[in-house]
Amino acid sequence: MAYALEKSDAAQLGPSEAVASDPALISAVDVDVFYGEKQALKGISLDVPEHRVTSLIGPSGCGKTTFLRCLNRMNDLIDVCRVEGEIKIAGQNIYAPEVDVVSLRAQVGMVFQKPNPFPKSIFENVAYGPRIHGLASKKSDLQGTVEASLKRAGLWEEVSDRLDHPATALSGGQQQRLCIARAIAVEPKVILMDEPCSALDPIATAHIEELIDELRQKFTIIIVTHSMQQAARVSQHTAFFHMGVLVEHGKTEQIFTTPNDERTESYITGRIG
Amino acid sequence: MKSDHIVRSFDEDLQQIENLVSRMGGMVELQIDNSAISLVQRDVELAKAVRADDRKIDNLESEIDIAVVRVLALRQPAAQDLRAVVAVLKIAASLERIGDLAKNIAKRSTVLGEFRDIGASANIVKRMCGLVQEMLKDALDAHVTRNINLADDVRMRDVEVDQMHNSLFRELLTYMMEDPRAITPCMHLLFIAKNVERMGDHVTGIAEQIHYVVSGSLPEEERPKSDVTSLTAISSGEAAAGGGQAE
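Chains G and C, in that order, are what the protein sequence lines are. When the letters of the first sequence are read in order and numbered with our numbering, they come out as residues 212 to 484. When the letters of the second sequence are read in order and numbered with our numbering, they come out as residues 4 to 250.
Just so you know, these hints were derived from the structure itself, not from any lab. Just to be clear, a hint being listed does not mean it is correct.
[Stated by the list, open to error] Derived contacts from chain C toward chain G, CB cut-off under 8 angstroms, selection only:
1. H8
2. S12
3. L85
4. F194
5. D204
6. G219
7. L221
Given the structure is predicted, the values throughout are model-derived calculations rather than measurements. Don't be surprised by glycine CBs; every beta carbon is placed ideally from N, CA and C.
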């Protein structure tokens, strides 16, 4: 990858140094985010390696979701929000004026805390994206894409005989996997997940976590989670945010066994709120 | 130990485990001391007590194992907390082994009680036991106070135990060559000395675990080792010249 870091660059970036060995797909440099006067993110420099799961952890209000939303320009939807700095995905500056935000969001899919299927059939939920992005010209292509996406999301076995049923009739865990199928149907490079399991029971959570591990073979995944155990289970890299600052970023096992920063240590051992 | 978890009962759980280790360590220290006394003073009753008390140490190890598994299951400790509980498992296992070695010394002391005075050699063993006991005491203090410098210091002191073992080994070989009737007591004393040397190694292992708890990594510096008994041979000529007094 063009964004593999030279050693000297890694040293300058500080928190990302520990993960410089994995080639980065997403590279954020000195990102500041303001909501009006209030600065929500301060000088975030973070490299997200390709085909890895990166967890963003930190207390509520630390800026992890704000950072996640920068990566597919969801913050554009908030009038008072201002993003400074540079974010490149596969070498492309996503805040460059020529960037088409709609196609960016197809490249960078998102799964939210609460499953939010369209009030349509299971089939239509998955078919919607490929259809509007013109990824399937024939009906048979579309059927193939829907089937492949549902299979990849581990949902096909459970819904193949009722694709015309309303998506909202599925269980919470199934709905969340449907949302993941919907996101991957348009062949994104990156999937952003904002606490995707917080509304799910442990079994449904285990299904999603298993799915995340499979999906990383093909996609790059960034997950915001409040569950430290989930971050430890699913991710290879972990970034700890605190009060709008990226405190530490490293291999997950290093963060959870020997964090470098006192604030990370306090947070993951349950010593600060 | 650094405390002040938001959930205070977590602190209590960790403290309970640390207390168990301190208690177990104290008992093992006493076992080392008593086994050495039983040897030097040919105190068969004390030796019997040491053998009986080993069960208490074994029980404490089981208690620690259960407490650690419980904390791992219920609290999912991370970072320093995780290192602390994992280290405790290993420290408890080392203490249990030291306890076994002390028990074995007591067993052999019972046999040695039936032989003529074994004098000076037994006193050297007692001094070795004293060194190991001091090392263990400091290691346990270092554990409670998270004092990495003290732990590293303990790790370096094992070399003294090794050197005493070397010299005793030569001495006992010489005695055996000089007088075959001495073979039985000398063999028992050799095993006893080896036990003490092994105790020193276990204490060193405990000190390394404390280094790991505090710093997050095992000590990198090579520790001095000086046990050369595996390579030692004494010729009959040397024995006649009083090889036992060498070094």
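A quick look at each hint next to the structure:
1. H8: OK, holds: H8 of chain C within 8 angstroms of chain G, min 5 angstroms.
2. S12: Not OK, violated: S12 of chain C not within 8 angstroms of chain G, min 11 angstroms.
3. L85: 6 angstroms, holds
4. F194: Violated, about 40 angstroms.
5. D204: 26 angstroms, violated
6. G219: Since the shortest Cβ distance to chain G is 3 angstroms, the answer is holds.
7. L221: Status violated, d = 12 angstroms.
Checked against the numbered hints above, the structure violates hints 2, 4, 5 and 7; every other hint is satisfied.
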